[in-house]
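Undergrad: Each chain is listed here by its residues.
There are 2 protein chains.
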Amino acid sequence: MSLDSVLARIDADIEKSTDRLLDLLRIRSISTDPAYAEDCQKAADWLVRDLELLGAVATKRQTPYHPMVVGHVDGAGPHILFYGHYDVQPVDPIELWNRDPFDPAVEQTPKGPVIRGRGSSDDKGQLMTFVEACRAWKAVHGTLPCKITFFFEGEEESGSPSLIPFMKENAAELTSDIVLICDTGLFESKTPAIVTMLRGLLGEEIKITGPNKDLHSGMYGGAAMNPARVLSKILASLHDDQGRITVPNFYDGVHELPDAVADQWRDLNFDHAAFLGDVGLADPAGEVGRSALEMIWSRPTCEINGMTSGYTGEGFKTVLPSYASAKVSFRLVGEQDPFKIREDFRAMVRAMVPADCQVEFLEHGTGPASHMSIDAPEFEAARQALSEEWDIPAAFIGCGGSIPIAGYFQEITGRDPLLIGFGKDDDQLHSPNEKYDMESFHKGIRSWARILDKLAG
Amino acid sequence: MSLDSVLARIDADIEKSTDRLLDLLRIRSISTDPAYAEDCQKAADWLVRDLELLGAVATKRQTPYHPMVVGHVDGAGPHILFYGHYDVQPVDPIELWNRDPFDPAVEQTPKGPVIRGRGSSDDKGQLMTFVEACRAWKAVHGTLPCKITFFFEGEEESGSPSLIPFMKENAAELTSDIVLICDTGLFESKTPAIVTMLRGLLGEEIKITGPNKDLHSGMYGGAAMNPARVLSKILASLHDDQGRITVPNFYDGVHELPDAVADQWRDLNFDHAAFLGDVGLADPAGEVGRSALEMIWSRPTCEINGMTSGYTGEGFKTVLPSYASAKVSFRLVGEQDPFKIREDFRAMVRAMVPADCQVEFLEHGTGPASHMSIDAPEFEAARQALSEEWDIPAAFIGCGGSIPIAGYFQEITGRDPLLIGFGKDDDQLHSPNEKYDMESFHKGIRSWARILDKLAG
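From first to last, the protein sequence lines stand for chains F and H.
Residues in the first sequence are numbered consecutively from 427, following the numbering used here.
Residues in the second sequence are numbered consecutively from 427, following the numbering used here.
Among the clues, some could well be false.
Heads up, the list lumps identical chains together, so a pair's fine if it works in one copy or across two of them.
[Said to hold, decoys possible] Distance condition first, Cα-Cα at most 27 Å in a straight line; then the derived DSSO-like pairs of lysine-lysine:
| id | residue 1 | residue 2 |
| --- | --- | --- |
| 1 | 564 | 869 |
| 2 | 869 | 633 |
| 3 | 659 | 743 |
| 4 | 639 | 659 |
| 5 | 639 | 537 |
| 6 | 659 | 633 |
Worth flagging that the hints you see were computed from the coordinates, not collected in a lab.
Using the sequences and the hints given, assemble the complete structure.
TA: The following block contains the structure:
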């Protein structure tokens, strides 16, 4: 059977595959720091060469920041576009790493071998699972089972400024029948999963100004309006005592889970005690009566991400602060409209600001929630392929975070992407000692081979 | 008449008096910075020599930090102790000064001549008003009209760590009939005033910890307790909608103003619009139904002096913070007990902290309010002397801030001190371009001569 030969080839070549990944991991492609712009070019060049070895027509495409890599391989079957990103996060604090983050290696750990290094999981290791699956297929069959477009970005860790313009300018070239994105993880580090719900985001910063300078709290305390007090009242008013968000009209467009999805989530037996216990907590803190999975996947949130006012150093200063500010973000679900919510939020805040204070707002991004329709046949095909590889029924899950690329693909190419990845919860993304389990890498490659096999039909 | 001769001598010598003050201002006696310890010794030596010129038996008395200066002059009449401090605040930000802060000079301004330099008002200039009054008296009469003890401190700007131990060890030497303290100002920069009410202080820092590290608000938002939200609720609950403080039993020991004091304060016609307008505000923000003077002098307060949580830099990070902290201070009046209030405050906060959070408290000082009884005859004598010099009825006023030395004198010597000073609201204490009006200096010296004359009886 053709798939079995491919899987056998993957197993036989896993050391070489790992060496190639280590090679890519050595390139310091930190996108947010201009000092590493040359390294981003090098990573793109490396990928172009690697795709050419697969027989792809691959090009590095310059943007105002870091280049995209696009490669095409002709083939029978449906046209598949695969997205990943080759840029990585900065490495600070460097002193917490157990090795040079750009001198990667396979390390043995009590839980099995891991590939340690910056980008091993996010996202070079994940990106290479798909490339290696294609390589094995090509080696066995001489061709690929589908027409494939590889699309690699170098700005994902710095806000993807060039992505939408690039996708719009190259819409025809990037339009495909099926979109695969590999930048997510296994559910609870073990269950293969396809993410079909992503929360949206609204980021807002509020700055309340009272006196025109910091005052002495003895001289003015009691008579002068304290903006930290005003801000506290505003922030405290954002949730009611049932944990619901009080912004007017906030729940417009928030839907109850369909029964089928609710049933499936129940079957996942999510261990919220372990999830919260890992970070020193015990009690789900969201809306009363909701499950922890709902709280992080299907319910909207309002969180204070930062706040500051007055004197925050060591010791004490009896200052009455001139201003107080907070960064607040909302995770959005369903059809919640970030622009409408911004408007209602600002009106609510303005109504709480006394005459002696001014309020300013700063925008920090908006994006609606994304929902993939699982009716398209590729969703069920991928689910079956993943279930077979991992020997656990694969799940359609939500994701509390926001992966804007998913929405961009929906908007620009009109396709609902399949978000499939093999990361684990302890991969230390964005942190020191990032790793990617050898199991994630090896079974990830095998997973893609199985998915290609199903999609080729 | 003997007083007239002294006043004439003061007027004739004002340039020499100013030169002496400029000399003292050149010494960089910044007490909080160990680099200036030698300068503090020099300032103490300078004062010892100057007191000796007055015929005092003066000594520099070492402490673990900076020395005290004590000088005695025998005389008929009551025994008067005069307190001032020779140490000064640091000068940062130095670039905002219009001259070297330790190269002082008399500058002409649209409002009249001023002595510009660090310490000119706080407190070297004020301290020297009394010394110069004694000098003029001695020059005219050969003796002083009272037995006088000069007591100068060098640690006032750095928390006076040696003061209480020194006063206790030398209680017999420092006990007098009357205590004068010169470290305050004119009311509204024009009305001579004796401060008879000082608010106390309780400083507290609250730290609420939730998750054991900063979390990703997408991954955990909604399910994990956010300590910034907990802190906001606590801070927002500290005042009710009438502006009253909600800490249980908080108003125990807070008294209504005696009618006589209330009447006198009304007569001051305090211009709260100007007071608040100076700092960009309009509306007294304290308890509903209280006057602005009550809010800053005779009513207790609770102010947020600082707060911080999560990401507070430029831009945005969707972090769910591990902890949130705030510095909160209470200004106390009447017989409010800072220790009892601390206890009730902490219990109130603890009751609002959910099971998934911990709270820690840090102490930042306690001091009860001080009240001087104005029944002692020296209060009325000084009030008359000041009224005569300034040609405006002098007032017994409150002070929103805390001057711990007043309480120490009450406690250790059993005397209610007279807090009299000549600073103006725009003296820029602790700030760049500190100045002391020549009017404050000159009429300050004359005021003390008149007060000595009255007190000598």
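Undergrad: Since the copies are identical, ignore which copy is meant and state whether residue 659 and residue 743 lie within 27 Å (CA to CA) inside a copy, between copies, both or neither.
TA: Both, since 22 Å and 23 Å are each at most 27 Å.
Undergrad: Go through the copies and call it for residue 564 and residue 869: within, between, both or neither, with a Cα cutoff of 27 Å.
TA: Answer is within; shortest intra-copy Cα gap is 18 Å, inter-copy 98 Å.
Undergrad: With identical chains treated as interchangeable, where does the CA-CA distance between residue 639 and residue 659 reach 27 Å or less: within a copy, between copies, both, or neither?
TA: both (21 Å within a copy, 26 Å between copies)
Undergrad: Could you figure out if residue 659 and residue 633 sit no more than 27 Å apart (CA to CA) within one copy, between two copies, both or neither?
TA: both (13 Å within a copy, 18 Å between copies)
Undergrad: For residue 869 and residue 633, with the copy left unspecified, which applies at a CA distance of at most 27 Å: within, between, both, or neither?
TA: Neither. Shortest intra-copy (49 Å) and inter-copy (45 Å) distances fail the 27 Å Cα cut-off.
Undergrad: At 27 Å max between alpha carbons, let me know whether residue 639 reaches residue 537 within a copy, between copies, both or neither.
TA: between (56 Å within a copy, 23 Å between copies)
Hint compliance for this structure: hint 2 is the single one not met.
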